[in-house]
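Taking the numbering used here, I'd label the letters of the sequence shown as residues -9 to 258.
You may find that some hints are simply not true.
Stated by the list, open to error - Below, simulated DSS-like cross-link-like pairs (lysine-lysine); rule was C-alpha separation at most 27 Å, straight line:
no., residue 1, residue 2
1, Lys202, Lys35
2, Lys156, Lys186
3, Lys43, Lys103
4, Lys12, Lys136
5, Lys35, Lys22
6, Lys202, Lys181
7, Lys170, Lys202
8, Lys202, Lys70
9, Lys156, Lys202
10, Lys43, Lys196
Read the hints as simulated data drawn from the structure, not as lab findings.
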Amino acid sequence: MLSVQSVGEIRVADDADFRRLKSLSDDNNDWKQEYQKGTTTVWTKTNDVSNFKIIKVRTLFDDIGGDVLYDVLHDPEYRKTWDHSMVEGYEICAINPNNDIGYYALRSPPPLKNRDFVTQRSWLDTGAEKWIINHSVNHEACPPKKGFIRGISYLTGYLIRQIGDKVQFTYVSQSDPRGKLPVWVVNKATKILAPKIISRIHKACKGYPAWKQKNRPHMKPWIFPEQMTLPRLDMTQIKPLTSGVSCESLDESSINEDEAAVEDYIND
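Make the full structure from the sequences, and use the hints.
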């Protein structure tokens, strides 16, 4: 059996890595359904690498195309207009035309600390199916910084399928935001935040064609690798994952739900 990418490892993704996402997406054994409304369902599953459950969200869109969804998830400039959770996000370097390393910081409901991630991202478009996957690595250009807890993505991915005139969209995340979080945070993430993110992505997709027409419409380096201007990977800048551990306090378990600006965060 081929090995799959592990956290901290820099390696061009192969078929086994994308098959792992497909397996998690399609196999519902041992998953617990947490939410279902319309065409959107959220499941969770326990795992042996983290105390935080794997989360899976699936929905069906009938008014957008898979190509648009794929572009929206990739386009870093457009993300700034719709991803209100993002504090900062950028690509650091390219490994090859379908693999890069990037930084993503997201805000949490105050007074919880914000989180950030450094990940290798890999993508594949076979036409009927499109994949985007990532896992955590440590690049010296992005050391832990004050005010952020460095999270770990064991495997986070999107699987887009064209099914007739509809698009099936599955999001899977096996990640650890690190620290000791209150139970209510986990409950909110699975039952409210995950469906809200799907709704936000859907809305972004509907606005993308018009936006892109006015913003470098032919610039899509995730499709046209000759447009990629990122510096190439320098392996001397890759450090062990253990050296990227946050120096922030990791215990937030005593924060009550009524202390946090959850509703403002959700509805932003």
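Checked hints:
{"no.": "1", "hint": "Lys202 - Lys35", "result": "violated (37 Å)"}
{"no.": "2", "hint": "Lys156 - Lys186", "result": "holds (20 Å)"}
{"no.": "3", "hint": "Lys43 - Lys103", "result": "holds (20 Å)"}
{"no.": "4", "hint": "Lys12 - Lys136", "result": "violated (36 Å)"}
{"no.": "5", "hint": "Lys35 - Lys22", "result": "holds (6 Å)"}
{"no.": "6", "hint": "Lys202 - Lys181", "result": "violated (32 Å)"}
{"no.": "7", "hint": "Lys170 - Lys202", "result": "violated (41 Å)"}
{"no.": "8", "hint": "Lys202 - Lys70", "result": "holds (13 Å)"}
{"no.": "9", "hint": "Lys156 - Lys202", "result": "holds (22 Å)"}
{"no.": "10", "hint": "Lys43 - Lys196", "result": "violated (31 Å)"}
The structure shown violates the earlier hints numbered 1, 4, 6, 7, 10.
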